[in-house]
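Trainee: Chains as they are written, first to last, in full-length UniProt numbering: chain X, 1 to 344; chain D, 1 to 344; chain P, 1 to 344; chain L, 1 to 344.
Think of the hints as simulated: they come from the structure by calculation, not from any bench.
Owing to the predicted nature of the structure, the values given are computational and were not obtained by experimental measurement.
Incorrect hints may have been included.
[To be verified] If you anchor each label on the Cβ, the simulated ranges turn out as follows: (1) P/Glu-62 x L/Leu-254: 51 to 57 Å; (2) X/Gly-251 x D/Thr-34: 49 to 55 Å; (3) X/Asn-267 x P/Gln-85: 42 to 48 Å; (4) X/Lys-162 x P/Phe-89: 52 to 58 Å.
[Said to hold, decoys possible] Calculated lysine-lysine pairs in the DSSO-like style (CA-CA distance at most 27 Å, straight line): (5) X/Lys-203 x D/Lys-250; (6) L/Lys-203 x X/Lys-203; (7) X/Lys-42 x L/Lys-203; (8) P/Lys-225 x L/Lys-113; (9) P/Lys-225 x L/Lys-225; (10) P/Lys-250 x L/Lys-185; (11) X/Lys-42 x L/Lys-113; (12) D/Lys-203 x P/Lys-42; (13) L/Lys-203 x P/Lys-259; (14) P/Lys-250 x L/Lys-119; (15) X/Lys-259 x D/Lys-203; (16) D/Lys-113 x X/Lys-225; (17) X/Lys-250 x D/Lys-250; (18) D/Lys-66 x D/Lys-42; (19) D/Lys-66 x D/Lys-162; (20) D/Lys-42 x X/Lys-225; (21) P/Lys-42 x D/Lys-113.
Using N, Cα and C, we set each Cβ at its ideal position, and we do this for glycine too.
4 protein chains.
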Amino acid sequence: MKVAVIGTTGYGGIELLRILHSHPVFQIQSIHSTKGEVPIWKEYPHLFNINDQVLEVINPEEIAEKSDLVFLATPSGVSGQLAAQFAEFNIKLVDLSGDLRLKNTDEYTQWYKHEAAPKEIIDKAVYGLTEWRREQVAGAQWISNPGCYSTASLLGLGPIVKEKLIDPSSIIIDAKSGTSGAGRKPTRTTMHAEMSENFKIYKVNEHQHIPEIEQQLLEWNEEIKPITFSTHLLPISRGIMATIYVQVQKGVTLSEIYKIYEEHYQNDSFVRVRPEGHYPAVKEVCGSNFCDIGLHLDERTGRLTIVSVIDNLMKGAAGQAVQNANIMTGLDETTGLTFIPMYP
Amino acid sequence: MKVAVIGTTGYGGIELLRILHSHPVFQIQSIHSTKGEVPIWKEYPHLFNINDQVLEVINPEEIAEKSDLVFLATPSGVSGQLAAQFAEFNIKLVDLSGDLRLKNTDEYTQWYKHEAAPKEIIDKAVYGLTEWRREQVAGAQWISNPGCYSTASLLGLGPIVKEKLIDPSSIIIDAKSGTSGAGRKPTRTTMHAEMSENFKIYKVNEHQHIPEIEQQLLEWNEEIKPITFSTHLLPISRGIMATIYVQVQKGVTLSEIYKIYEEHYQNDSFVRVRPEGHYPAVKEVCGSNFCDIGLHLDERTGRLTIVSVIDNLMKGAAGQAVQNANIMTGLDETTGLTFIPMYP
Amino acid sequence: MKVAVIGTTGYGGIELLRILHSHPVFQIQSIHSTKGEVPIWKEYPHLFNINDQVLEVINPEEIAEKSDLVFLATPSGVSGQLAAQFAEFNIKLVDLSGDLRLKNTDEYTQWYKHEAAPKEIIDKAVYGLTEWRREQVAGAQWISNPGCYSTASLLGLGPIVKEKLIDPSSIIIDAKSGTSGAGRKPTRTTMHAEMSENFKIYKVNEHQHIPEIEQQLLEWNEEIKPITFSTHLLPISRGIMATIYVQVQKGVTLSEIYKIYEEHYQNDSFVRVRPEGHYPAVKEVCGSNFCDIGLHLDERTGRLTIVSVIDNLMKGAAGQAVQNANIMTGLDETTGLTFIPMYP
Amino acid sequence: MKVAVIGTTGYGGIELLRILHSHPVFQIQSIHSTKGEVPIWKEYPHLFNINDQVLEVINPEEIAEKSDLVFLATPSGVSGQLAAQFAEFNIKLVDLSGDLRLKNTDEYTQWYKHEAAPKEIIDKAVYGLTEWRREQVAGAQWISNPGCYSTASLLGLGPIVKEKLIDPSSIIIDAKSGTSGAGRKPTRTTMHAEMSENFKIYKVNEHQHIPEIEQQLLEWNEEIKPITFSTHLLPISRGIMATIYVQVQKGVTLSEIYKIYEEHYQNDSFVRVRPEGHYPAVKEVCGSNFCDIGLHLDERTGRLTIVSVIDNLMKGAAGQAVQNANIMTGLDETTGLTFIPMYP
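My request is simple: use the sequences and hints to build the entire structure.
Mentor: Structure, rendered in structure tokens:
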């Protein structure tokens, strides 16, 4: 099966290449970028002698002719326009940007600060939170791949929200991400000298993943109220931890909660619910497609602390994208994704 | 004025030496440790040619004779015993450990997992959260210096709790610390290869600073309920950020909140309330005695996010200790503490 | 084919598990340690739900019965003793320690500061610098896997030394390693708070890899004189860079040098000689078995600068060990080793 | 005494502000930049409530009228032009750029790749390697402050070169710097995600500090031949280590070498020659104006390894600039510079 990657030179795109290189079924037919016809190893020297492909211009018609599936690893604002160009062709598509995630276009404009893609384009895409949407993903032609913070938060919250065991107005997510999440465009904020030995909070209650998270939470439980959501920058390249706080309904015990999480995720290869008293660290998933979850119920307060960690470039981007692509094309979802975390 | 430092070879002790070296009034009379008579520069080579003092054994009587004030930078469990030995002598004392912080000895035993110091020893000490206790500090002979997490949390919460503008059961503190906070004893958890590119949560709702924080909160507002408190390890040496979430009373506006914070801290040299829309980063206080505070009220949820950052070894330990010692001895509290943050 | 791993809980051992997990031929029959019968995931939580094996005691006879090959990832001093116990059994063995590397036992004692293994034990092992010793490795029953610094240095120096194009007394190696190279035993030196934002030199001209490097250099060119060798600790987990300086013979040009390197390594999948003007960075090989080499000839001085980088746990330890095991057992040497560097 | 800082928003400029803030004699009269009239704390929030100065445009005449001394913390290419504008005014000047360092303008153009400043402008400035040029500095009106790599290298090499105890063609400098050395302009190379867990070599034998170092070495010993010089980027904000290799003359012993270094630097407050067997680490000088030196003579090779570390923003830039300014204005050279290294 042949795949194309557009937006290859971003960190999401380059992580797609890492996965696809050893994928037993998908073959990288072509890689694309607006950078001009440069060998990819000149942009990313770690690929020297591994990948000798040259970046190509973006010609949707030609791509659709030659490939079975296209990954859009392009930024929000660009992906929507590209998707529209692919709409007339018969090619599967997985978009890693935020452009196809929000069904409400006004909400998109409000949080992303620019125009949304046309509604009919957005509606073509299934929101690919794989563990919660396998059947829809299997039947989809287009996937809108979830955001990195959203994936960590939603996998952490899913079972307890779906089972309606929490106060619906009590959700607080304190999220922390490595700097690769900010993309590859050089900025003052993400310079090494500024981030080394540093830790920053940013976009307090203003991150564009908020409406995406709420949209999914409301699908699980329509009584869910707006969430509190803080994002922080960690002095690491990769990895996200979402520390989530919710008030559980009176009388709910930790063993009930464990039961729910374990049942919900029992068949999910990439979600690991850690045993009681164990909490995942970011590096324990990095390089892999795992989302690890730890749970603590404080009897003094009745508050549940959920710890959810992912590699933002894997389960938070390229890994989940390939997982969805696997399902869309009839493969086992773990195909080409059985990386063990790289530790230490 | 002459001061002695006990427990010099820990990170708190060595930071005391950094401050005292340029303090215009306090002179380091002697430094003490159980390590034997070693020149301090052999333990800490950065002090070569700067400090030629030799570590001495701990003889309270002799120390009390030669010095006006003693800093105990010893671990919890040790400080209480040392304090008891100093009780009969007329020397001022600042203890950086947790041993004299909790007025309730049962609570101490429950959280610290070993016996508390005798009640009468504990009661000799004033809890030295400087900005909120200046008069008591001024009259004290003994100070129990607050914990690092406690300092960041309490300075962040003080005004809004004192003014009773929040739901008393809504306090959630998501705290993150650099690894120097874990002390200088080598452990698996704090090895570089384990922490580099990592981020860990630990002691979820089980950290021994919880009762210390609650004791102070209850003094401000006796209706305060148990807090939710998570601690995380950052891959940096120094620095703490506490991201704090509270539900404000209906109708309270952000400008009212700012007014309260600014009034409470208007005469406090070391607390900087950042302007609206600005949030402090950890590195913006490192090396200094500042506690910087940022505030965000989310109108969608009525929840206030308080961001409080300190250098755990300065305002969180040695800096606040010297600030208290200054006040106890009649000096201006900023004496010897006017370090600018080291950036970048 | 069945393999056993002894010394599993060190960083070399755990990297062997990462590789072997996806190796298509080798199966991990058993894992061993002196830690007692603990599930490996309890020591390394990133293996939760991935590897459910339990650490076993070390019984050479039983291991030799059940497995075809054993990896000793045990420390120097331990490996030699274990190897002696395996000598009477018919099992292939790859030792990752320094115990079987030096043919001269007096030299071993001098540099390692303890007794060498018996000479006949040492002589059973072939020094497994794979790219330069494939035939011997193919016929070997025992392999002594090269040290991490040695691998980076020797692959960088091999072609130019072998071709006798340098002043034999001019070799200077300035080597830098991540902290995982210091092992998993907690020490002051390798604590995060000590290494973060730091860079240290250690064992100046005293590192135990010096005699190992010289032994191989002398085999290539018996006129080689003692080398200058400095080791530094980088504030990263993984990765080694050796910056090597040699005086080339008069008249030798950079294009001749390139020709030699490219010819020597033309069939070596894991050595990448970078094009002129390009120099490898440590992160461009991390997670992979590559050794990347950059070359610069300064016409002002006639000195060649050789830059050689590896992942110390891969090509510098577990990766090369599996590469050797592949060859010993008749497999293609790249089997199970086609990891792409993880970037960023 | 009043001083002005031009180029305040670079890392060198901001470090000048850190020093000058607590300098007992120099007062910051004005700060300048091409950024427009912005309060400096908006560019550097760590200065909030500490420094309320506003950046001003650069008007040499006005600056010369109001201040006694001006620091140029502007980039190479800019400083030369500014210096020319100050030439007609009677103001002391310390330039931190490379523009006034090379007496040979052709050499400047060759290494800096753009036109040199006019020869008469360059000749007005004394090269301020303080420890070796105090008398000239004392009498100077203009100082050209040495480069960061140059300072570490020259202080390490000075005594042994001056005493002519080495083979003049044997100097190799393997230098490593933190990323603040690359300046504050965002670039791909210095992004956090690219540098974290990384280590890079760059400008192999092509760094513009080479002619500066050679110019000084030749002044000490005219037989010195071109040096080999490699620069590497460390994943830390601050700090430089130069590991230097030289061949000593036959018969020279380590104790003779120590004697020479200790004699040369016996009255130098900021140079610390470490005792035999001790080597400085980068963090042991960070935040301070020290240059620490370690020495090792390998008897097997007759080669001396010199380890020299500085904080690139202090002794490598702003610290040495203030040290020179102190001397130029008749102050003790340590005035305002007695910072202890910040450790850990």
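Trainee: State for each hint whether it applies.
Mentor: For each hint, the structure was consulted:
no., hint, result
1, P/Glu-62 x L/Leu-254: 51 to 57 Å, "54 Å, holds"
2, X/Gly-251 x D/Thr-34: 49 to 55 Å, "51 Å, holds"
3, X/Asn-267 x P/Gln-85: 42 to 48 Å, "45 Å, holds"
4, X/Lys-162 x P/Phe-89: 52 to 58 Å, "56 Å, holds"
5, X/Lys-203 x D/Lys-250, "24 Å, holds"
6, L/Lys-203 x X/Lys-203, "38 Å, violated"
7, X/Lys-42 x L/Lys-203, "18 Å, holds"
8, P/Lys-225 x L/Lys-113, "40 Å, violated"
9, P/Lys-225 x L/Lys-225, "23 Å, holds"
10, P/Lys-250 x L/Lys-185, "42 Å, violated"
11, X/Lys-42 x L/Lys-113, "24 Å, holds"
12, D/Lys-203 x P/Lys-42, "18 Å, holds"
13, L/Lys-203 x P/Lys-259, "23 Å, holds"
14, P/Lys-250 x L/Lys-119, "38 Å, violated"
15, X/Lys-259 x D/Lys-203, "23 Å, holds"
16, D/Lys-113 x X/Lys-225, "40 Å, violated"
17, X/Lys-250 x D/Lys-250, "24 Å, holds"
18, D/Lys-66 x D/Lys-42, "25 Å, holds"
19, D/Lys-66 x D/Lys-162, "41 Å, violated"
20, D/Lys-42 x X/Lys-225, "59 Å, violated"
21, P/Lys-42 x D/Lys-113, "24 Å, holds"
The earlier numbered hints that this structure contradicts are 6, 8, 10, 14, 16, 19 and 20.
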